[in-house]
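Quick mapping for you: the protein sequence lines, in order, are chains A, B and C.
Under the numbering used here, the first residue of the first sequence carries the number 1, and numbering increases by one thereafter.
Under the numbering used here, the first residue of the second sequence carries the number 1, and numbering increases by one thereafter.
Under the numbering used here, the first residue of the third sequence carries the number 1, and numbering increases by one thereafter.
It is worth saying that the hints were derived from the structure and are not from the lab.
On a predicted model such as this, the values are computed, not experimentally measured, just so you know.
One or more hints might be untrue.
Pairs of lysine-lysine residues, derived as DSBU-like cross-links and limited to a Cα-Cα distance of at most 30 angstroms, are as follows [as the list claims (entries may be wrong)]:
1. Lys209/C <-> Lys155/A
2. Lys225/A <-> Lys50/B
3. Lys244/B <-> Lys198/B
4. Lys235/B <-> Lys225/A
5. Lys112/B <-> Lys225/A
6. Lys225/A <-> Lys191/B
7. Lys155/B <-> Lys88/B
8. Lys198/B <-> Lys88/B
9. Lys191/B <-> Lys342/B
10. Lys50/B <-> Lys155/A
11. Lys225/A <-> Lys193/B
12. Lys225/A <-> Lys342/B
13. Lys193/B <-> Lys342/B
14. Lys225/A <-> Lys155/B
15. Lys244/B <-> Lys24/B
Per the computed footprint, the stretches of chain A lying under chain C, defined by three or more beta-carbons under 8 angstroms from a beta-carbon of chain C, are [claimed, not checked]:
16. 48–60
17. 64–72
18. 113–121
19. 236–249
The C-beta atom is built at its ideal place from N, Cα and C for all residues, glycine as well.
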Amino acid sequence: MRGKSEGWLLAASLGNLLFLYLPIAVLIAYSFNAAKLAATWQGFSLDWYRLLTQDHALAAALRNSLLIATVSTAIAVLLGVGAAIGLERLPWRRRAWLDGAFLLPLVMPEIVMGVSLLLLFVLFSMPLGLPTVMVGHAAFNVPVVMVLVRTRLRKLDPHLEEAARDLGATPWQALRRVTLPLLQPAIVGAALLAFTVSFDDFVVTFFTAGPGATTLPLKVYSMIKTGISPEINALSTLLVLASMGLVALSLVVQRVYEK
Amino acid sequence: MWVAVFLCATLFACQPSSDGDSRKTLYYFTWSDYVGPELLEEFERQTGSKVVVDTFSSNEELLAKLQSGASGYDVTVPSDFMVSVMLKQGLLAELDPARIPNARQLARGLEKLPVDPDHRYSVPYLWGTVGIGYDSSVIQTPPDSWAVLWDERYKGRISMLNDQREVFGAVLRSMGQSMNTRDPAIIEAAKAKLLRQKPLVKTYSSDHFDQLLASGEVVLAHGWGGPVARAMTLKPSIRYVVPKEGATIWADCLVIPKTSRNKELALQFINYLLDREVAARTSERLLFASANREARTLVKASVRDNPAVYPDEAALGHLEWMVDVGDALRLYDRAWTELKMK
Amino acid sequence: MNSSQSRTDARQAAWLLTPSLVWMGLFFVLPLLIVLLISFASRGTYGGVEWIFTLANYRDLADPLYLWIYLRSVALALATTGLCLCLGFPLAYYIARAPARRQGIWLMLVLIPFWTNFLVRTYAWMNVLRVDGLLNALLTNAGLTSRPIEILYTDTAVLIGLVYGYLPFMVLPLYAAIERIDRSLIESARDLYAPGRAVFTRVIVPLAKPGIMAGCLLVFIPSLGAYITPDMLGGARSMMIGNFIQHEYLVVRDWPLGSAASLVLMAMVLAGSWWYQRAGGVRPL
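Hey, can you work out the whole structure from these sequences and the hints?
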């Protein structure tokens with residue numbers, strides 16, 4: 001009986017994987033399909049990829065996405081690392097609700113975050129544009145960074161920093177010379193994750209974007225809505241491969257660090 | 001970590017010239033199917049400027065974005081009735097007619113445009129009708145009435161526009177009423193009729209009903225003529241009809257929002273879009289009728305004679321302009337929400 | 001550490017914490033407060049806000065029409081959670097019992113789709129579920145249907161999309177919890193001649209409870225506030241709360257009503273999290 005349930009488990013698991021990967025595989029396959037309306041296979045073609053390279057608006061959207069992701073990640077990392085260390089070291093007894101407060105953005109539905117930021121900018125007459133998007137992205141990435149760094153922080157040996165202090169280092173020196181280098185893998189990992197989250201974000205960006213702030217997800221959305229399918233397949237394939245590349249990169253980086 | 005900070009600092013430093021060079025960048029906010037990159041490239045070359053395009057897919061979305069402080073757009077393209085709403089809200093800048101000489105040659109049918117007749121704030125750009133696109137290989141007898149959209153035989157293969165005023169416009173005309181009625185009782189009745197239709201409707205789409213028609217996902221689509229014309233190029237059996245009870249005649253107008261930082265360039269752009277050669281090419285590329293009368297003569301015959309693009313004279317008779325309904329809009333809002341949510 | 005050291009430590013901690021507190025306060029707490037404020041205001045004729053205090057927005061939300069939307073969303077979210085649990089449990093169990101080396105690979109395989117852009121993944125399903133898409137092609141070729149089935153733009157499509165999007169959120173906590181179960185407990189149950197099903201329901205499931213609860217919460221909450229999935233796969237017919245809020249803000253431009261709706265959604269989400277914490281859930285950290 002053990003054998004039968006094992007077989008059934010394996011089948012279920014493989015079925016799950018199939019479910020997870022099938023649509024993506026279909027997308028990649030269709031991106032090479034010469035047919036415009038993707039139903040039947042009409043021969044291999046790289047046309048759609050070629051069309052992508054000629055699309056200036058797409059290139060601009062990509063630039064925007066990269067810029068926003070970089071800036072907002074930098075801000076989020078600076079703030080998030082500080083928050084992680086600060087929260088962990090704060091000797092305040094009732095800091096539990098502060099913990100919860102930082103985790104709140106992770107629970108909050110994106111649409112509520114998006115509209116609330118929109119209202120903030122409207123009320124204070126701040127024109128929508130690239131900066132408003134960056135601000136929003138940094139805001140929802142701070143908890144992401146904080147959680148990841150804090151997990152690692154907890155696993156650090158507290159005696160190391162203590163030893164540094166006993167040897168005469170000021171708290172800031174101990175931080176810079178001991179704690180931060182030890183946290184580096186977590187910080188890098190958090191930065192990569194925050195970058196990906198920002199790059200992929202749609203809902204918050206949708207509400208806070210202004211003139212010239214169209215990001216890649218926004219452009220993809222409008223392309224999907226307008227229904228220009230073949231190019232979207234090619235673009236989607238590239239995005240999928242890019243994501244996988246980023247995951248691989250972060251894994252490699254972590255392996256290297258752990259050596 | 002310092003690497004990251006350094007990286008971001010350098011990236012910030014070489015931020016694209018969008019801030020420094022605002023004199024030379026035009027921000028164009030337009031319908032998602034009004035974008036033709038080749039058409040813009042020539043303007044960029046002629047004036048040495050850059051055109052940045054953002055898109056929207058409904059008038060309400062445009063208004064919402066502008067109201068929420070998306071300032072900095074130089075040119076945008078509201079529909080005629082939305083122009084009056086924007087005027088009432090003081091969102092538009094006055095145009096200088098001397099800078100847009102190309103605006104003088106208006107097409108026939110546009111003279112009776114109820115909004116801003118002196119074109120002090122808006123200039124018609126593209127115009128057309130709203131009707132029904134259908135697959136003639138499935139629907140053997142050519143339909144001529146809105147009633148076909150309520151036909152049970154095509155259940156689940158009908159699409160309606162995702163546009164509050166247009167959908168109500170269609171149902172009101174099918175009931176023999178004006179699409180600009182403010183009567184709550186009539187609006188209620190219209191809503192009831194739409195709710196009866198909903199089980200037959202596959203989707204409410206303003207963006208890609210042409211794709212749905214062409215792929216056979218729907219056989220009847222409520223929509224603007226242009227996208228139906230696009231569907232025709234993909235599937236020759238698609239036809240277009242303006243129902244006999246009457247439909248919307250619309251004109252999308254070029255306007256300059258008050259918050260534009262580049263009025264000079266904006267005026268140049270408007271004049272460029274209305275130039276008869278550019279207008280003709282726009283018309284061919286986007287498959288919409290140009291407001292420039294002379295452009296029509298320059299357009300390819302296949303486009304000119306397509307009633308989905310250039311409405312024919314007979315249809316002009318029973319078309320109605322959509323008008324702002326003022327306070328009654330709340331009734332429409334509520335009814336539309338109810339329709340969508342049920 | 002002596003007390004002066006710990007004092008300066010506390011000071012440093014405060015300094016480190018302050019910038020992020022300010023940022024979050026400005027760009028997270030303040031916006032929410034504004035939403036709260038506006039939910040008590042009135043709407044201008046063409047949209048926008050008029051500062052006239054009113055409770056009408058919340059009263060309006062009690063209208064059956066709007067309650068229906070919340071109900072539908074809860075139902076869809078519950079269905080999503082249930083399906084994720086049914087699909088995810090076998091997978092999590094299998095991974096947890098696989099040799100340690102292979103566990104990493106399996107987990108990676110589960111996570112990779114999650115790392116790709118959500119829009120793209122949802123679009124991928126649009127492609128598959130279309131009338132001329134893969135699903136119908138397979139069904140027609142296998143002779144199972146004569147006419148293409150129309151799944152796209154229905155609740156079913158939205159459900160599929162939601163399950164697809166949040167399955168990893170269920171699998172990972174489940175895996176973590178199952179992995180921690182002491183194997184010997186299962187062994188001894190078997191040794192005591194317990195039938196397979198009893199082993200499952202009386203031993204495995206109770207021990208995996210923290211993981212089940214974590215997974216359910218991690219799936220239910222985002223599904224409740226979903227926006228993209230119903231928007232793209234629902235065809236502007238299958239509306240959930242997220243779409244309703246967007247509708248109020250960007251279409252009808254009734255910001256007060258939209259704000260009230262957002263707050264009710266937030267309240268539901270917070271209630272769910274609080275209940276989860278109370279029920280002794282495993283801390284997400």
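Open item on the list: What's the verdict on Lys193/B and Lys342/B, does the C-alpha distance respect the 30 angstroms limit or exceed it?
Closed with: holds (13 angstroms)
Task: Given pair status - Lys342/B, Lys225/A, alpha carbons within 30 angstroms - done: holds (23 angstroms)
Open item on the list: Please verify whether Lys155/B and Lys88/B have alpha carbons no more than 30 angstroms apart.
Closed with: Status violated; Cα separation ~41 angstroms.
Open item on the list: Against the 30 angstroms threshold, does the CA-CA distance of Lys50/B and Lys155/A hold or violate the hint?
Closed with: violated (52 angstroms)
- [ ] Please work out if Lys225/A and Lys193/B have their alpha carbons no farther apart than 30 angstroms.
- [x] Given pair Lys225/A, Lys193/B holds - Cα atoms ~27 angstroms apart, limit 30 angstroms.
TODO: Given the hint that Lys244/B pairs with Lys24/B, test it: the Cα-Cα distance must not exceed 30 angstroms.
DONE: violated (48 angstroms)
- [ ] Compare the distance between the alpha carbons of Lys225/A and Lys191/B with 30 angstroms, and conclude whether the hinted pair is satisfied.
- [x] holds (26 angstroms)
Open item on the list: Please check whether the region 236–249 of chain A has three or more residues whose CB lies within less than 8 angstroms of a CB on chain C.
Closed with: holds (count 7)
Open item on the list: Tell me whether the statement that chain C covers the region 48–60 of chain A is true, taking a Cβ distance below 8 angstroms and needing three residues at minimum.
Closed with: Since 0 is below three, the answer is violated.
Task: Agreement of Lys225/A and Lys155/B with the hint, judged by alpha carbon distance not exceeding 30 angstroms - done: holds (23 angstroms)
Task: Hinted pair Lys198/B and Lys88/B, Cα distance within 30 angstroms - done: Cα-Cα ~34 angstroms, so violated.
Task: Given pair status - Lys155/A, Lys209/C, alpha carbons within 30 angstroms - done: Judged against 30 angstroms, a Cα distance of about 26 angstroms means the pair holds.
In the structure shown, a violation is registered for the earlier hints numbered 5, 7, 8, 10, 15, 16, 17, in ascending order.
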